[in-house]
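Chemist: One letter stands for each residue in the lines below.
Number of protein chains: 2
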Amino acid sequence: MRHDHLSRTFAALSDPTRRAMLARLSLGEANVSELARPFLGEMTLPAVTKHLKVLEKAGLVTKTRDAQWRPCRLNGAPLKEVSDWMETYRTFWEESLDRLEEYLATVTMKKTTGGRKHGRAK
Amino acid sequence: MRHDHLSRTFAALSDPTRRAMLARLSLGEANVSELARPFLGEMTLPAVTKHLKVLEKAGLVTKTRDAQWRPCRLNGAPLKEVSDWMETYRTFWEESLDRLEEYLATVTMKKTTGGRKHGRAK
Numbered sequence: 001m002r003h004d005h006l007s008r009t010f011a012a013l014s015d016p017t018r019r020a021m022l023a024r025l026s027l028g029e030a031n032v033s034e035l036a037r038p039f040l041g042e043m044t045l046p047a048v049t050k051h052l053k054v055l056e057k058a059g060l061v062t063k064t065r066d067a068q069w070r071p072c073r074l075n076g077a078p079l080k081e082v083s084d085w086m087e088t089y090r091t092f093w094e095e096s097l098d099r100l101e102e103y104l105a106t107v108t109m110k111k112t113t114g115g116r117k118h119g120r121a122k
Numbered sequence: 001m002r003h004d005h006l007s008r009t010f011a012a013l014s015d016p017t018r019r020a021m022l023a024r025l026s027l028g029e030a031n032v033s034e035l036a037r038p039f040l041g042e043m044t045l046p047a048v049t050k051h052l053k054v055l056e057k058a059g060l061v062t063k064t065r066d067a068q069w070r071p072c073r074l075n076g077a078p079l080k081e082v083s084d085w086m087e088t089y090r091t092f093w094e095e096s097l098d099r100l101e102e103y104l105a106t107v108t109m110k111k112t113t114g115g116r117k118h119g120r121a122k
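Those sequence lines, one after another, are chains A and B.
Letter by letter, the first sequence follows residues 1 to 122 in the numbering used here.
Letter by letter, the second sequence follows residues 1 to 122 in the numbering used here.
Do not rely on the hints blindly, as some may be mistaken.
You can't tell identical chains apart in this list, so a pair holds if it fits in one copy or across any two.
Claimed, not checked - Pairs of lysine to any residue, SDA-like flavour, derived with a Cα cap of 25 Å:
1) Lys57 x Ser7
2) Lys53 x Ser14
3) Lys63 x Leu40
4) Lys80 x Thr17
5) Lys80 x Ala11
6) Lys63 x Ala23
7) Lys57 x Pro71
8) Lys110 x Pro38
9) Lys110 x Thr49
No wet-lab data here; the hints were simulated from the structure.
Please model the complete structure; the sequences and the hints are all you need to start from.
Modeler: Right, dumping it as structure tokens:
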């Protein structure tokens, strides 16, 4: 089911370790021990491989067929689905930015009124 | 922490009920009972309000100040953060689409070779 797949992708992305793994893989293929290395100070190897399995199940990481080395590769396809979902809401986050800009403009306006003019703080 | 906030947003989006609530709110403000109505056949009101709380904690839904009615509103700001994160990986999902197109082209090529020429199927 499409919904479940999207849910699985979002869930896979909801962890900083897993996002860090994707960031590493965005630089190029890596095998499991290479991927695990930066995290082994704070977690065990089984914990790291569990995170990796979540990414694999979501289809975000695939293992290549190289029998000896079996490097992991980032697969962007599930992110396309996230992007399509996001697109529906684009007006909302663009609006919220507009509101932020309006708010900041109001704040700046208040600062610069009242008889004095201040320079912009660095 | 930025990481935690992004994780919370992704986790909030990892459920079809919560995404359906956002879809409803993308059409306009709604109070809790209006939001809950479509789900009450399959889950209890406390279950629905729990989902709503997850969305609120992630900042995706805010309750307005209208004392009597307190309608919920979609807040797109956390989605901007998701969008920024996604942007880093754009080349990957675009690449994966390119690979899909290449694959489809190969399949079409195989179908059309072998001594015969076919017109493009409609």
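Chemist: So, for every hint listed, does it hold in this structure?
Modeler: Checked hints:
In this homomeric assembly, Lys57 and Ser7 come within 25 Å of each other (Cα to Cα) both inside a single copy, at 12 Å, and across copies, at 18 Å. Taking the shortest Cα distances, Lys53 and Ser14 sit within 25 Å of each other both inside one copy (14 Å) and across copies (17 Å). For the identical chains of this complex, Lys63 and Leu40 are intra-copy neighbours only, at 21 Å inside a copy versus 42 Å across copies, given an alpha-carbon limit of 25 Å. Taking CA atoms no more than 25 Å apart as the test, Lys80 paired with Thr17 passes in both settings, with 21 Å inside one copy and 21 Å between copies.
In this assembly of identical chains, the alpha carbons of Lys80 and Ala11 lie at most 25 Å apart whether taken from the same copy (15 Å) or from different copies (18 Å). Taking CA atoms no more than 25 Å apart as the test, Lys63 paired with Ala23 passes inside one copy only; the shortest distance there is 16 Å, against 35 Å between copies. In this assembly of identical chains, the alpha carbons of Lys57 and Pro71 lie at most 25 Å apart only when taken from the same copy (16 Å versus 38 Å across copies). When the C-alpha separation of Lys110 and Pro38 is checked against a cutoff of 25 Å, the pair qualifies neither within a copy, at 48 Å, nor between copies, at 45 Å.
Taking the shortest alpha-carbon separations for Lys110 and Thr49, neither the intra-copy value of 54 Å nor the inter-copy value of 39 Å comes in at or below 25 Å.
When each numbered hint is compared with the structure, violations occur for hints 8 and 9.
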